[in-house]
Amino acid sequence: MAKVMMKGNEAIAKAAILAGCRYFMGYPITPQNEVPEYFSRELPLVGGTFVQAESEVAAINMVYGAGASGARVMTSSSSPGIALKQEGIGYCVKGEIPCVVVSMMRGGPGLGTIQPSQSDYLQATRGGSNGDYHIPVLAPGSVQEAVDFVKESFEIAQCYRTPVMVLCDGLIGQMMEPVELDHEPTKREMPDLSTWALGYSPKGKTNTVINLDIDAPNCEKENIRFFEEKYPAIEKNEVRWEEFMMDDAEYAFVSYGTTSRIIKNAVKALRAEGMKIGLVRPQTLWPFPQKPFENKNIKKWIVGEMNMGQMVPDVQLACGRKEDVLFYGRTGGMIPTPEEYIDFVKKELGGAK
Amino acid sequence: MSTIVYQKPEGLTDVRMHYCPGCGHGIVHRLIAECISELGETENTIICAPVGCAVFIPKYFTYDSIQCAHGRAPATATGIKRVHPDKLVLTYQGDGDLASIGTAEIIHAAARGEKFTTIFINNGIYGMTGGQMAPTTLPGMRSTTSQAGRDVRINGNPIRVCEMLATLDGPAYIERVAVDSPAHVIATKKAIKKALTMQQAKKGFTFVEVVSSCPTNWGLSATKAMEFVRDSMIPYYPLGVFKDMEKEGE
Amino acid sequence: MGNTHKISCAGFGGQGVMSMGQLLTYAGMLEGKEVTWVPAYGPEMRGGTANCSVIVSDEPIGSPIFDTGITTAVVMNLPSFLKFVPKVAPGGSIFVNSSIIEEKVQRDDVKVYYIPANDIARELGNDKLLNIIMLGAVVEIDKIVESESILKAFLKVFGDHKAKLIPINREALAKGAEFAKKLE
Amino acid sequence: MAKFTVTFHGKECKGCQLCVAACPKGIIALQMQATNDAGYHPAGIAEEKMDQCIGCQSCVRMCPDSIITIVKND
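Residue numbers (this note's numbering), protein chains in the order written: chain V, 1 to 353; chain R, 1 to 250; chain G, 1 to 184; chain E, 1 to 74.
In isolation and in its complexed conformation, chain V is listed as follows (with noise of 0.2 Å):
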């Protein structure tokens, strides 16, 4: 297929599409109204349904719903929306429902600002919902990413029954790139519908989601295969990420999203004079990948988000070395510039070594 350039956010519902998302349910906020308003154009068209919710609470309700009925169904929202989200997401998690939440990063906190933000980190990676879980927290750093991420995400959602959120900030919402569409996720095997969707139950048995286990040892041995099963896979199977420059590099930047687009603008001009620095990129931030950081050579780990450093507790304990890691960042709506992070590295480091 040949390349088109696509709007971030038309570009993230296009690919649902494609990965056979027929169910959307949402309400508008800023930045990611072009997501509800191309599923209300083309989901019609492929036979599938738009619906806007009354509220975030209720979109994701219906996509509760939707899900448990074996359907591949998603929502998008941004961060004062997605906190209203979190409580049907902790439903999803109980219920074992798939799903994808997208998640368009804003400043916070409160209604915050409608310009690009990471600070939704910590909501993401570790729940704004109650009690003992884990969603899977994919973070593209393109366009492009965002379509691919997309379409693995719902086989991610389907293969292990839970939730996935797709986490970006405003930016790639809002950009234009040239994306290429055809990216075939990974297949995974999926359980069978019968085996557990609502309308799908074989004649004589029972299809029923459970949310209330008042048996407080079932809870308990539940919320164990959780932990012991499900998760332990997803840690060992979907966890992504990128290295850039990183071969003899003694310092690394750690970074996602536009961040680290803007983080590869400042090694390449660091590289130019002569610093030996690179960029480990998460691509899952749940599962947070550990392997890069076991790298011995890298005397500094720099943290660069759009945020106040939600990363920096997940590197320290990667890295194991809480001194040697450094944070520099903006936050409410401001994007770091190149130029920005090459003058910390330099006034914290001294430049080239």
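These are calculated hints, taken from the structure and not from any lab test.
One thing to keep in mind: the hints can contain errors.
Stated by the list, open to error - Residues from chain R shown here face chain V by an in silico Cβ test under 10 Å; the list is partial:
| # | residue |
| --- | --- |
| 1 | Asn44 |
| 2 | Glu105 |
| 3 | His108 |
Cβ atoms here follow ideal geometry from the backbone N, Cα and C, with glycine treated the same way.
Position chains R, G and E relative to chain V; hints supplied.
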């Protein structure tokens, strides 16, 4: 020779319901099962359970079922019915679930004319959490959060859901019934069957409010509680059909 | 860093600055170049300046946004002029819509082209062509893409049903180019 | 033989007496001599009163636990 005049309907499991003695939930559960059985939909039904006493619905019915977040059953049922337009889809909700935390969901599902059926149990109190004031608690009625009786100057007034939903164009059928007497139980069954039949015909949103009792949290015996339904609840929540698209069409 | 064009198109709503950026981006893609297009979005889009940032490059693009270091600035109204002129890199080009901007650029380290786009558009009989006229000047001077690629991109951005508008757009591109050439 | 046989599955009965109140003939009563596993005295109709049953089904309509079966003896 002998013929069975009445026995427990198919659609209900053999699991003993956890409801308190004399609770109306059991009566309404049975009526739902009877109607669905008579309509030949036992193998074709999906029921959405609320948060509240009826949360264990999946144990009591043989239908596919899902436990919904508090108040969100109409949203979840929307998702299900959109995927399975030919299945019979029901939500079963109490007054805290439907008329308090889930007000937005029920109004908008009704306004969209979602083609499922909601059975709304109005007993004027939060049962499962132990007798707190509900949006439908009557003025002057005591609860654990209105211990001197509901004072409308402080707690506001109760909500009459049927009347409110009847202002919308989306619903195809809205009726309020009660289960305080055998005659009213017969009427309740008729209303549920009518709603489900209209769902089968894909007419639109169908809604049956059942005025029921909560003997335990009302502090009354089961029979006295039914008298309270008759003497106090029904005068405030008048029974009747509030919307019938088939009648309007005539 | 190879051949990388960092282009800012700015003006107010209705001047076609967003689509000007998209046409450049699409044309770049059709020529096999790396491209990105980022709008300034939000309240700024309603009143005040609207602008978009375009990169057309021979190598993979890292940051799709840039605050300074602009190689080509197209400014269509006074607020954009005031905002973007200081951000242009030394040696860069500034295309000023002189029909409505009376100010002159007070820098001697940049190339400046004053194009009376509204006037030329009026001569062509279609006020909407002013962004295409500016684009004609831009590609003539800065050689970001071929002007034929812009016309191919035109169909991609606006749809094949707009094919009847190709001749007039071709003319507008040529007029812009011609005017800019005279200024060199 | 009585015209109807009404069977109460006493094991499941919660003794709420809605059937007692509903019976137009007043023939249903809690069986005070019996106690089921849940601690309730189950409802029932004494054998000698069964022939008074008119098969009106009021009891089954009010029973929240679906424990009553009615058979018509022809």
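ask   = Which numbered hints are broken by the structure, listed smallest first?
value = none
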